[in-house]
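J.: For reference, each letter of the sequence shown is one residue, going 236 to 290 in my numbering.
Quick caveat, the hints were computed from the structure, so don't treat them as lab data. Owing to the predicted nature of the structure, the values given are computational and were not obtained by experimental measurement. Where is the CB? At the ideal position from N, CA and C, for every residue including glycine. Be careful, since some hints might not be right.
As the list claims (entries may be wrong) - With beta-carbon atoms standing in for the labels, derived distance ranges:
#1 256 with 289: 35 to 45 Å
#2 254 with 289: 32 to 42 Å
#3 252 with 281: 35 to 45 Å
#4 261 with 288: 22 to 32 Å
#5 261 with 282: 16 to 26 Å
#6 259 with 287: 37 to 47 Å
#7 290 with 236: 36 to 46 Å
#8 289 with 257: 40 to 50 Å
#9 287 with 257: 17 to 27 Å
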Amino acid sequence: MIVLAGALLGITLGVLTARRRKGTSTDVLHYGAVYGIAFALLGLIATLVIDAAAV
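Turn these sequences into a full structure, and let the hints guide you.
T.: Put into structure tokens, the structure is as follows:
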């Protein structure tokens, strides 16, 4: 769940960042994809840390 929440948050932040910088539609897609992947990766790491701490 943390991974999906991170991905959705990242996509949202990426799209908003690209729009704030007045980017084209490809810029918006690119920022959304990159931020989504980055935040999903952070969510994965957080999930692993939480799971390891529970053991």
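J.: Work down the list of hints and note, for each, if the structure agrees.
T.: Cross-check of the supplied hints:
1. In this structure the hint that residue 256 and residue 289 lie 35 to 45 Å apart at CB holds, the actual value being about 40 Å.
2. Evaluation of the 32 to 42 Å hint for residue 254 and residue 289 yields a pass: the beta carbon distance comes to about 39 Å.
3. The hint said 35 to 45 Å for the Cβ distance between residue 252 and residue 281, and at roughly 22 Å that hint is violated.
4. Between residue 261 and residue 288 the beta carbons are some 41 Å apart, a value that contradicts the proposed interval 22 to 32 Å.
5. For residue 261 and residue 282, the Cβ-Cβ distance of about 31 Å falls outside the hinted range of 16 to 26 Å, so the restraint is violated.
6. At roughly 42 Å, the beta carbons of residue 259 and residue 287 sit within the given window of 37 to 47 Å.
7. Checking the proposed 36 to 46 Å range against residue 290 and residue 236 shows it is violated: the Cβ atoms sit about 19 Å from each other.
8. Roughly 45 Å separates the CB atoms of residue 289 and residue 257, a value that falls within the hinted 40 to 50 Å.
9. Between residue 287 and residue 257 the CB atoms are about 43 Å apart, so this pair departs from the stated range of 17 to 27 Å.
Violated hints, in rising order: 3, 4, 5, 7, 9; the structure is consistent with all others.
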